[in-house]
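Undergrad: Below, each chain spelled out in residue letters.
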Amino acid sequence: MTFLAPAAAVLAVTLPAIAALYFLRIRRPTRVVPALHLWPSQIRDRQANVPWQRLRASWLLLLQLLVAAFLVAAAVQPALSATESFAPHSIVLLDASASMQAHDVQPSRLDEAKRQVGALIDQLSPQDTMTLIAVESTPRIVAPTTSDHDALHRGLSSIVATNGPADLSAALTLAAGIVRSAEYARAYLYSDGIVEPLLASFADGVPFPIEYHRIGVSGENIGLTSLVVRPSAQSRAAYLHIQNFGQQSHSTSLEWRSDQGLIDVRSITLAGGQAQDLVLPVPAAATTVTARIAAGDIFSLDDSVTAIARVPRAFHVLLVTPGNLFLEQALRLRGDFQLDVIAPAAYRGASAYAMAVFDRFSPPVLPDAPFVMIDPPAGSPLGGGSAVGIGRVRASDAGDPLLANVSLQDVHVARSQDLNATTFGRPLITSLQTPLLLVRDEPFRQVLVGFDIHESDFPLRIGFPILVQNLSEWMLPSSVPSSSFHPDEQVTIVPESGATSLTVVRPDGSRRSLATGSIATFGDTDLMGVYTVEQVVSGQVDRSWFAVNLFSDTTSQVKPVDRLTLPPTQNVVGMQSSRPGQIVIWPWIALLALAIVIAEWLAFHRGL
Amino acid sequence: MADSPLLEPELLRRLEALALLVRRAVKGQMGGERRSMRRGRSPEFADFRNYTPGDDYRLIDWNAYARLDRFMLRLFVAEEELPLNIFVDLSGSMDWGSPNKAVSARRLAGAIAYVALAALDRVRLTVFADGPASGGAPHRGRRAVHELFARLQSFPVGGPTDYAKLVWPIARQQPGMTVLITDGLGESPIEPAINALQQARQEGAILQILAPQEINIDWTGDARLKDAETGVEREFTSTPATQNAYRTALARHTEEIERLARRRGMRFARLTSDQPIDDMVQRTLRRMGLLG
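If you're matching them up, the sequences are chains A and B in order. Per numbering that gives the first Met the number 0, the very first residue in the first sequence carries number 0; after that it's consecutive. Per numbering that gives the first Met the number 0, the very first residue in the second sequence carries number 0; after that it's consecutive.
No lab work stands behind these hints, which were simulated from the structure alone. For every residue, glycine included, the Cβ atom is placed at its ideal position computed from N, Cα and C. Watch out, some of these pointers could steer you wrong.
Claimed, not checked - So these bits of chain A aren't anywhere near chain B, every CB distance computed over 12 Å:
| no. | residue |
| --- | --- |
| 1 | T29 |
| 2 | V31 |
| 3 | H36 |
| 4 | R179 |
| 5 | T287 |
Said to hold, decoys possible - Between beta-carbon pairs, the in silico distance windows are:
| no. | chain 1 | residue 1 | chain 2 | residue 2 | range |
| --- | --- | --- | --- | --- | --- |
| 6 | B | V231 | A | L601 | 29 to 35 Å |
| 7 | B | G230 | A | I17 | 54 to 60 Å |
| 8 | A | L601 | B | G230 | 48 to 54 Å |
| 9 | A | L601 | B | R261 | 43 to 49 Å |
| 10 | B | V231 | A | T1 | 57 to 63 Å |
| 11 | B | R223 | A | I17 | 22 to 28 Å |
| 12 | A | A598 | B | W167 | 56 to 62 Å |
| 13 | B | R223 | A | V9 | 35 to 41 Å |
| 14 | B | R261 | A | I17 | 52 to 58 Å |
| 15 | B | V231 | A | I17 | 52 to 58 Å |
| 16 | A | L601 | B | P275 | 30 to 36 Å |
| 17 | B | R261 | A | P28 | 36 to 42 Å |
| 18 | B | G288 | A | P28 | 27 to 33 Å |
| 19 | B | E7 | A | L601 | 57 to 63 Å |
Said to hold, decoys possible - If the Cβ cut is set under 10 Å, some of the chain B residues that face chain A in the computed set are:
| no. | residue |
| --- | --- |
| 20 | G91 |
| 21 | S92 |
| 22 | G183 |
| 23 | D226 |
| 24 | T229 |
| 25 | T236 |
| 26 | H252 |
Extracted from the complex, chain A is given alone in its bound form (with noise of 0.2 Å):
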């Protein structure tokens, strides 16, 4: 045991001190009365004034004394050394993402893991510091870098499960942020190893070793990961996805409903690491449809799946061109899409369709609107500068989601126009010469192509479609999108034309109101369920959907990872310094001492 603060010992002197308020005796006037017999002999010790007399057994000494000596050990602030040794800076990095709420440890991961960071907390001793992150889709500091037991543990109750996954890498950066240069640190990760696989950037390292303590033990579920309606044959079905992630057999029984009651029931055995795909039927006037298991396992969050069964809406889409058969197969290819193509000649405006194509034609007014400008002519308001000829195509940022699946391996441009100087947007496809493609976000999302599609060979590449698919759906996303989305996923809603207000229905009940002025991007859908997006226009509400599921297998993969990849560490220095934690009695002391002064006042009032 060892004691942070010995000076105050000096304290201890209150106990003899004690004691002799008790030798001294009250000055107590005489009073002669004339029968003393019919007195009680009640007194009472209110003060000492006067000396000595002979010390007298007396309760009330004996508990003041208690409570001076529990004081007085209390200011001491005895410590009794801990089995762990901390850093003198030590951060913790909790797993809250879905996978922690599996329940394979009572009451859950998370709470496993929440008790194993307070112990932690509680043997930090009063030199050393400690920073509590919590590692979800984006991971946030819950308590920041303190010796205080109340703010970490404060800061360590308000985690609470999420439905996302774990960023380890962003976490991770966070961390290593936090960590002065020349500050010995070291980062405790509480998880069942279900994160995010790393960033390639930490092949480098990180400014502190990561000690992972793996919370969990069972990886025994079965999931739903996948629900898609689609058109078949003849009518609409459903096709999901259900998987035994376990070792061991198991029959659960899978419910089918639609907003509109219950559709099937059936049973389904799998075997360990067994999957099974179904194909179910959709009702033509069902809103949304639902699939539930009753799997009785360690994790509930991919027992259910929600899928959207409307049809999407339509939208009204305006290809202007002198002709352009590429271009217009390729945007036929969005089944939601009802394209009008029409001559320059015939152009009378655009205001109404949700989205506009101009193949080498400029309006004179360019619509408020999501549009697609390709090759404007010289002197047109997005008109570039002089042609110049076009070597090797590359992508800006090959991790664009707009070039998702996009190839420019084999992509040749003849020439193009000079759009070094547009301001339009960023640059999504380029050369070396110039800019060829740009997009920008603001007012709404518009794309300017610099070149004619006819002097590259980019239309006879499997990419066009793909690049036109990536980019129609970034600027005009399908009402009802076609899959689900994950939790903590941005979700882009284009507003109706027209459209005087906009709202997103959480499945809580909750409402959240979005600008109409322009797409709008939500990100709260950390729930999963259905949301409705609720537009009025013209006074009509109209409404669409989307679902959020889990729909992932890394997570419904609930094993806990025994050993989990981590950076390794950077040079560290002064591994030495890392000492013993303290686990601070005094509170308990000065608990025991404000009991034994309600004992003491008892005692008072009873007249011991």
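Starting from the structure of chain A, add chain B where the hints point.
TA: The following block gives chain B in isolation, referenced to the frame of chain A:
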């Protein structure tokens, strides 16, 4: 104390209108104004009886002889003096309170004695503390008033109360009336004295005098209490709770004295020292039937 008169002349004049009320006939040594249990000379007819030799023939009722042809004697109630004993407690506990209990006791004893002396009764005054101190020879007649008052005022106050030492002085009294003026607060029990009064065929009256300050404690806090009679000291803290405990003990004590007195057919009254002497006499003593 002796310089100031014990009772004011105006008060004495009012006391002359009062008389001691005796429940039964008395037997005194000298004639007085009291009905005697012996038949004697007085205007008040009592009874007839047959004449026997030796009787005073002057008492033969000749009219009855004429009607009945036999000698009948007329009997009259004899009027004799009342032997009144006044015991006054002048122990240390009586020298307490404001007004002082001993002063009030002296004045009360003087008032009762004056009423008796005015009626030609025989008054024996005895003060006591740890033992009786005789007030001298019995007093009789108005002429003895000043002497009795002077003696009453001359006795010092102090010492413990010992009621047991009153037993013999009481027992040797001839039957009559005894008034015991005391605060009843001595440590020794009062019961032997009350028993002695009964055995001595005394028509007893217990007058308990208390000071207002000992009925209601007018102070709080810590104090060292000193017994006025024994000098014994004890520490005490006056709080509402302890004051209540004291009042309960005092009430129980005085109720016990009253119970003892009444069980033996004696009269009892509780007075406070702040009562005016007129109020004591005209109200309390008349209400209890001692004076009328």
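Undergrad: For each hint, tell me whether it holds in the structure or not.
TA: The hints, checked one at a time:
Once the 12 Å rule is applied to beta carbons, T29(A) is inconsistent with being away from chain B; the minimum gap is 5 Å. The claim that V31(A) lies off the interface is violated: its Cβ sits roughly 5 Å from the closest Cβ of chain B, which falls inside the 12 Å cut-off. Some Cβ of chain B comes within 12 Å of the Cβ of H36(A); the nearest lies about 6 Å off, and the non-interface call is violated. Its beta-carbon lying about 64 Å from the closest one in chain B, R179(A) satisfies the requirement of being farther than 12 Å from that chain.
Residue placement check: T287(A) keeps its beta carbon more than 12 Å from all beta carbons of chain B (closest about 76 Å). Range check, V231(B) to L601(A): about 33 Å between beta-carbon atoms, so the 29 to 35 Å window is met. Checked against the hint of 54 to 60 Å, the pair G230(B) and I17(A) fails, with Cβ atoms roughly 35 Å apart. For L601(A) and G230(B), the hinted distance range of 48 to 54 Å is not satisfied, since their beta carbons lie about 38 Å from each other.
A C-beta distance of roughly 46 Å is found between L601(A) and R261(B), which places it inside the suggested range of 43 to 49 Å. The beta-carbon spacing between V231(B) and T1(A), approximately 58 Å, falls within the hinted interval of 57 to 63 Å. Hint check: R223(B) to I17(A), Cβ distance near 24 Å, so the stated range 22 to 28 Å holds. Between A598(A) and W167(B) the beta carbons are some 59 Å apart, a value that agrees with the proposed interval 56 to 62 Å.
At about 38 Å, the beta-carbon gap between R223(B) and V9(A) stays in the expected band of 35 to 41 Å. Between R261(B) and I17(A) the beta carbon distance is about 55 Å. The supplied range of 52 to 58 Å therefore holds. Against the hinted window of 52 to 58 Å, the Cβ-Cβ separation of V231(B) and I17(A) comes to about 32 Å, which falls outside the hint. At roughly 51 Å, the beta-carbon separation of L601(A) and P275(B) lies outside the given 30 to 36 Å, and the hint is violated.
The beta-carbon spacing between R261(B) and P28(A), approximately 40 Å, falls within the hinted interval of 36 to 42 Å. A beta carbon spacing of about 44 Å between G288(B) and P28(A) contradicts the range 27 to 33 Å that was offered as a hint. Restraint check, E7(B) to L601(A): a C-beta distance of roughly 60 Å satisfies the suggested window 57 to 63 Å. Checking G91(B) against chain A: minimum C-beta separation of about 8 Å stays under 10 Å; hint holds.
For S92(B), the shortest C-beta to C-beta distance to chain A is roughly 4 Å, which falls under 10 Å, so the interface hint holds. Checking G183(B) against chain A by beta carbon gives a least distance of about 9 Å; that is within 10 Å, so the hint holds. The criterion of a C-beta within 10 Å of any C-beta in chain A is met by D226(B), whose closest approach is roughly 4 Å, and the hint holds. The closest approach between the C-beta of T229(B) and any C-beta of chain A is roughly 7 Å, which is under the 10 Å cut-off, so the hint is satisfied.
The interface hint given for T236(B) is met, as the beta carbon of that residue sits about 5 Å from the closest beta carbon of chain A, less than 10 Å. Because the closest C-beta pair between H252(B) and chain A is about 6 Å apart, less than 10 Å, the hint holds.
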